[in-house]
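> Since the structure of chain H is provided, determine the placement of chains C and S on it from the hints.
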Amino acid sequence: MMQQVVDIMRKRALQLLGSGTVNRVIGWKNGEFGYDQTPAVFKTEDELSALVYDSFSSPNLSKYLIEESKKEGKILAFLKPCDTYSFNQLIKEHRINRDGVYIVGIECCGMVDINKLKALGAVGVNGIADDGETITAHTLYGDKTFKKEEVLLEKCLACKGKKHVAFDELIIVNAQDDEAKPRFDGVKEIEAMTPDERFAFWRSQLSKCIRCNACRNVCPACSCLQCVFDNPKSGVASKATPDTFEEQMYHVIRAFHVAGRCTDCGECSRVCPQNIPLHLLNRKFIKDMNEFYGEYQAGADTETRPPLVNYTAGDVEPTVISDKGGDN
Amino acid sequence: MQVENKEFKPTIVAFCCNWCSYAGADLAGTGRMQYPADVKIIRVPCSCRVNPMFVLRAFQRGADGVILCGCHPGDCHYSTGNYYTRRRMTMLFDFLDYLGIERARTRVEWVSAAEGAKFAAVMNDFVKGVRELGPNKRITDLRCKPEEKEGE
Amino acid sequence: MFKIKKTKLNELFAAISDGNVLYVPCNIKGDTDYAVWGEGAEADLETLKTVKSAKSVFFPQCEDIVSFTREGKNVTVNSMQRESEDFVVFGVRACDAKSFEILDRVFLSDPVDTFYKTKREHGTIVALCCTRPEETCFCKAFGIDASAPAGDVTTCFNGEYLYWQPVTEKGLNLTKTLQNLFESADENDELAVADEQKNIREISEKLPLSSLDLSYWGKDDLLEKFNSPKWGELSEACLGCGACTFVCPTCQCYDVRDFDKGNGIQRYRCWDSCMYKDFTMMAHGTPRPTQMQRFRQRFMHKLVYFPSNNDGVFSCVGCGRCLEKCPIHMNIVKVAKAIGGEKDE
Chain H
1 MMQQVVDIMR
11 KRALQLLGSG
21 TVNRVIGWKN
31 GEFGYDQTPA
41 VFKTEDELSA
51 LVYDSFSSPN
61 LSKYLIEESK
71 KEGKILAFLK
81 PCDTYSFNQL
91 IKEHRINRDG
101 VYIVGIECCG
111 MVDINKLKAL
121 GAVGVNGIAD
131 DGETITAHTL
141 YGDKTFKKEE
151 VLLEKCLACK
161 GKKHVAFDEL
171 IIVNAQDDEA
181 KPRFDGVKEI
191 EAMTPDERFA
201 FWRSQLSKCI
211 RCNACRNVCP
221 ACSCLQCVFD
231 NPKSGVASKA
241 TPDTFEEQMY
251 HVIRAFHVAG
261 RCTDCGECSR
271 VCPQNIPLHL
281 LNRKFIKDMN
291 EFYGEYQAGA
301 DTETRPPLVN
311 YTAGDVEPTV
321 ISDKGGDN
Chain C
1001 MQVENKEFKP
1011 TIVAFCCNWC
1021 SYAGADLAGT
1031 GRMQYPADVK
1041 IIRVPCSCRV
1051 NPMFVLRAFQ
1061 RGADGVILCG
1071 CHPGDCHYST
1081 GNYYTRRRMT
1091 MLFDFLDYLG
1101 IERARTRVEW
1111 VSAAEGAKFA
1121 AVMNDFVKGV
1131 RELGPNKRIT
1141 DLRCKPEEKE
1151 GE
Chain S
2001 MFKIKKTKLN
2011 ELFAAISDGN
2021 VLYVPCNIKG
2031 DTDYAVWGEG
2041 AEADLETLKT
2051 VKSAKSVFFP
2061 QCEDIVSFTR
2071 EGKNVTVNSM
2081 QRESEDFVVF
2091 GVRACDAKSF
2101 EILDRVFLSD
2111 PVDTFYKTKR
2121 EHGTIVALCC
2131 TRPEETCFCK
2141 AFGIDASAPA
2151 GDVTTCFNGE
2161 YLYWQPVTEK
2171 GLNLTKTLQN
2181 LFESADENDE
2191 LAVADEQKNI
2201 REISEKLPLS
2211 SLDLSYWGKD
2221 DLLEKFNSPK
2231 WGELSEACLG
2241 CGACTFVCPT
2251 CQCYDVRDFD
2261 KGNGIQRYRC
2271 WDSCMYKDFT
2281 MMAHGTPRPT
2291 QMQRFRQRFM
2301 HKLVYFPSNN
2311 DGVFSCVGCG
2321 RCLEKCPIHM
2331 NIVKVAKAIG
2341 GEKDE
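Protein chains in written order, with the working numbering: chain H, 1 to 328; chain C, 1001 to 1152; chain S, 2001 to 2345.
One thing to keep in mind: the hints can contain errors.
Stated by the list, open to error - DSS-like mimics (lysine-lysine), calculated; alpha carbons at most 30 Å apart, straight line:
(1) H:K144 - H:K162
(2) H:K148 - H:K163
(3) H:K324 - C:K1040
(4) H:K11 - S:K2337
(5) H:K181 - H:K70
(6) H:K208 - S:K2117
(7) S:K2119 - H:K148
(8) S:K2334 - S:K2140
(9) H:K287 - H:K148
(10) H:K116 - S:K2140
(11) H:K181 - H:K162
(12) S:K2206 - H:K118
(13) H:K43 - H:K116
(14) S:K2029 - H:K287
(15) S:K2029 - H:K147
(16) H:K43 - H:K92
(17) H:K144 - S:K2029
(18) S:K2334 - H:K144
(19) H:K163 - H:K147
(20) S:K2006 - S:K2230
(21) H:K162 - H:K11
(22) H:K324 - C:K1118
(23) H:K43 - H:K71
(24) S:K2176 - S:K2119
(25) S:K2337 - H:K71
(26) H:K208 - S:K2334
(27) S:K2008 - H:K118
(28) C:K1118 - H:K233
(29) S:K2140 - S:K2277
(30) C:K1145 - S:K2261
(31) S:K2029 - C:K1137
(32) H:K118 - H:K147
(33) H:K11 - S:K2230
Said to hold, decoys possible - Quick list of the computed label-pair ranges, beta carbon to beta carbon:
(34) C:A1037 - H:D196: 54 to 60 Å
(35) C:D1075 - H:V316: 16 to 22 Å
(36) S:N2310 - H:D177: 56 to 62 Å
(37) C:F1054 - S:G2030: 33 to 39 Å
(38) H:E72 - S:K2337: 54 to 60 Å
(39) H:D185 - C:E1007: 43 to 49 Å
(40) H:T319 - S:S2079: 49 to 55 Å
To be clear, the hints were calculated from the coordinates, so they are not data collected in a lab. Ideal Cβ positions, reconstructed from N, Cα and C, are used throughout, including at glycine.
Same shape as in the complex, but just chain H:
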């Protein structure tokens, strides 16, 4: 099913390269095992033969466009619907040169989480077959088949919808329902806990952090040239977490800094080597902003002011926190 899309993508990329509209193409390149794709830039027909797009093309290419859009000539970028939100947000923040990018929006049928496959017993995955409904993992110890909906990435379980919010043209072969899925259930579960339980939950999750910075470096909203946590003059630069405080500091500040700019693309949770549910931090901010200051989706457009750089005279008072009841 996806093969058809890849063929069209490849053909279109060649046309645009041929006509001189673009001089490079950014997409995904196949790996060793059928699930380990790497974002790559293609320049020739020969190179383009390695272009792939399937249920494992999860890396969000928008972040690469910060650098790529400033290089000479235009780059063709294949963006999934949720990637276009990140793209828009980066345009809003003047991080991407819009004239340097030609966006081809491509359909998305949901991305699969290889870790979920492995956790469900697919040991030694050496190839993947995907018919849209089911995913079959060819493993060293026999084949295993899963329903696709059971192994979707967390970000796809909370899909914002299949609409592209920024594109120059679209490639859509199989139309998808454009339905946003609920995404605050996880946050509500934690909110319903007692403070002690909440603390215990986050303590056990955040203490797994190895400070590899993968969440930060993959995050399209983390586009600072120099992060405060890398700046020795900031007084908070720390390469590791010698004390539990450092984990809280890092994750609180990171979540706060992307609040209002986070499009909930879910890359942070996807890349975390320790599987910390980082999306639950970002979604808490999104949920609060929606409740207190009105519905807002970062990256839905390139103009509206994000809630944290805006105000109204009648905003809720901070006492709203203590007024909501519950323990202390």
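Below, chains C and S alone, put in the same frame as chain H:
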């Protein structure tokens, strides 16, 4: 949690804006109104100057509670600074609550230059709340408390 | 050789814990890492690879080195080095076991790293055969036999038994203290273990990356490798995070940092990553200003510089953790193939 510790003297950091709350604190002082000496005031040009990192740093370095005071909304010396503070700190403090940090350790209050009595009352009330909670253990850096490190 | 029923593993762990600190792979909130065995830390020996390698027991991510305290005009300097307790690391796979040989070459050569050395002296490694190697495993490419891990004791699961073979003196000493738990293994057991080992070797044979050709790599033609035009395109997708280096069993770079406690300074060392912008930052700046250079450094170090200085030994053991954990799935195998394959073209 050590609740009934009569000896416990909390460290409270109060960020006060230069134009209203700091003057309010001044008025409380000249008016001989009493509030606990546990409150350490840090004067900032505007409540909006307070970066979330300041709050966390205060906790790291041993604060048991952090309170932010600014002009009443609409009265900001810089017109709109405290409107931003209001949004930011609502977000931050609700987030800390979400992480399981006790709610009574953080607060935002609007205190004008004329409200010396309110300043004293707010501080008394806030310190009382923090005292009831006991020492901050959840968001602090143990390295800064060497004597407690062994016992933990 | 000795054997013990799988169902009695907890008794075994309890016995080892009596007198030693016991580190075992434990499942903590869904992820398996080495942790001290005990209340609330259930051993997880099913998972093949811990997130962090066994390196973290001997060379922890953070370690206090020295503290400075000031009182008046006096500054007191306290070494934070402690005499290590005896400890046992159980369940070390062949790749991680081999990584100690590589770490030893770094930390035990002059000047000796006393922190690491103390831990090595007090630590007993109980290695475990890999029953089910995974697709990301390529230890065989480095001549490592997953069925015969190096350690003070070698163990192997087969059927309902764990087979226990002490190898070194440390291993024998540990075995003595556990004697009453073990049954002696007879000839049939020897055969069962040999059978299982054969099994493992057969799977290793079939692993997709076992035939990885490393003949291009090593100390020769250093400049040719260094100047390969492929580094640019390979590193293009690299995000510059440190996931690969922190899960790696052989990465050994660290940084020394000071923390101002308010009443003194705590000096600690922590893992560092050559992928970071501020790696080896000096007064004039960083010697590797681009991500391509940093990326190249990591792989050149593992496949060229390290073998040049260490009798041809690669600083990679093929555990495959970086293959699993890289956010964008760029890894040493793709690099070795892309650049090492040039010769044939």
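> Hint by hint, note whether the structure agrees.
Hints and how they fare:
1. Taking the CA atoms of K144 of chain H and K162 of chain H, the gap is near 29 Å; set against the 30 Å cutoff, the hint holds.
2. A distance of roughly 21 Å separates the Cα atoms of K148 of chain H and K163 of chain H; the hinted pair therefore holds under the 30 Å criterion.
3. Pair hint K324 of chain H plus K1040 of chain C holds up; C-alpha atoms about 29 Å apart against a cutoff of 30 Å.
4. For the hint pairing K11 of chain H with K2337 of chain S, the CA-to-CA distance comes to about 28 Å; that is within 30 Å, so the pair holds.
5. A hinted pair counts as satisfied when its Cα atoms are at most 30 Å apart, and K181 of chain H with K70 of chain H does not qualify at roughly 35 Å.
6. Between K208 of chain H and K2117 of chain S, the direct Cα distance comes to roughly 26 Å. Compliance with the 30 Å bound is thereby established for this hinted pair.
7. Taking the CA atoms of K2119 of chain S and K148 of chain H, the gap is about 47 Å. The hint is violated against a cut of 30 Å.
8. Pair hint K2334 of chain S plus K2140 of chain S holds up; C-alpha atoms about 17 Å apart against a cutoff of 30 Å.
9. Annotation: proposed proximity of K287 of chain H to K148 of chain H holds, straight-line Cα distance about 28 Å (limit 30 Å).
10. Restraint check for K116 of chain H and K2140 of chain S: satisfied, since their Cα atoms lie roughly 27 Å apart, inside the 30 Å limit.
11. Our distance criterion of 30 Å between C-alpha atoms is met by K181 of chain H and K162 of chain H, whose separation comes to about 11 Å.
12. A threshold of 30 Å between alpha carbons decides the hint, and for K2206 of chain S with K118 of chain H the separation of about 19 Å falls inside it, so the pair holds.
13. Distance restraint check for K43 of chain H and K116 of chain H: the Cα-Cα separation of roughly 34 Å exceeds the 30 Å cut-off, and the hinted pair is therefore not satisfied.
14. In summary, the hint linking K2029 of chain S to K287 of chain H is supported, as the alpha carbons are separated by about 25 Å, within the 30 Å threshold.
15. With a CA separation close to 25 Å, the supplied pair K2029 of chain S and K147 of chain H stays within the 30 Å bound.
16. Taken as a hint, the K43 of chain H and K92 of chain H pair is honoured in the structure, with Cα atoms around 28 Å apart against an allowance of 30 Å.
17. The suggested pairing of K144 of chain H with K2029 of chain S holds, with an alpha-carbon distance near 25 Å, which does not exceed 30 Å.
18. As the CA atoms of K2334 of chain S and K144 of chain H are separated by approximately 26 Å, the hinted pair is consistent with the 30 Å bound.
19. Distance check on the hinted pair: K163 of chain H and K147 of chain H sit about 24 Å apart at the alpha-carbon level, within 30 Å; holds.
20. For the hint linking K2006 of chain S to K2230 of chain S, the alpha-carbon distance of about 49 Å lies beyond 30 Å, and the restraint is violated.
21. Taking the CA atoms of K162 of chain H and K11 of chain H, the gap is near 23 Å; set against the 30 Å cutoff, the hint holds.
22. For the hint pairing K324 of chain H with K1118 of chain C, the CA-to-CA distance comes to about 24 Å; that is within 30 Å, so the pair holds.
23. The suggested pairing of K43 of chain H with K71 of chain H holds, with an alpha-carbon distance near 14 Å, which does not exceed 30 Å.
24. Straight-line distance between C-alpha atoms of K2176 of chain S and K2119 of chain S comes to about 21 Å, which keeps the hinted pair within the 30 Å bound.
25. With a CA separation close to 28 Å, the supplied pair K2337 of chain S and K71 of chain H stays within the 30 Å bound.
26. Between K208 of chain H and K2334 of chain S the alpha-carbon distance is near 28 Å, which keeps this suggested pair within the 30 Å criterion.
27. Using a Cα cut-off of 30 Å, the hinted pair K2008 of chain S and K118 of chain H holds, with the two alpha carbons roughly 28 Å apart.
28. Restraint check for K1118 of chain C and K233 of chain H: not satisfied, since their Cα atoms lie roughly 39 Å apart, outside the 30 Å limit.
29. Between K2140 of chain S and K2277 of chain S the alpha-carbon distance is near 33 Å, which puts this suggested pair outside the 30 Å criterion.
30. Proposed proximity of K1145 of chain C and K2261 of chain S is supported: the alpha carbons are some 8 Å apart, at most 30 Å.
31. With a C-alpha separation of about 22 Å, the suggested pair K2029 of chain S and K1137 of chain C falls inside the 30 Å cut-off, and the hint holds.
32. Proposed proximity of K118 of chain H and K147 of chain H is supported: the alpha carbons are some 14 Å apart, at most 30 Å.
33. Among the hinted pairs, K11 of chain H with K2230 of chain S is consistent with the structure: their alpha-carbon atoms are about 26 Å apart, no more than 30 Å.
34. Between A1037 of chain C and D196 of chain H the Cβ separation comes to about 31 Å, which falls outside the hinted range of 54 to 60 Å.
35. A C-beta distance of roughly 18 Å is found between D1075 of chain C and V316 of chain H, which places it inside the suggested range of 16 to 22 Å.
36. In this structure, N2310 of chain S and D177 of chain H meet the distance hint of 56 to 62 Å, their C-beta atoms being roughly 58 Å apart.
37. Hint check: F1054 of chain C to G2030 of chain S, Cβ distance near 34 Å, so the stated range 33 to 39 Å holds.
38. At about 30 Å, the CB distance of E72 of chain H to K2337 of chain S disagrees with the hint of 54 to 60 Å.
39. Between D185 of chain H and E1007 of chain C the CB atoms are about 45 Å apart, so this pair conforms to the stated range of 43 to 49 Å.
40. The beta-carbon spacing between T319 of chain H and S2079 of chain S, approximately 51 Å, falls within the hinted interval of 49 to 55 Å.
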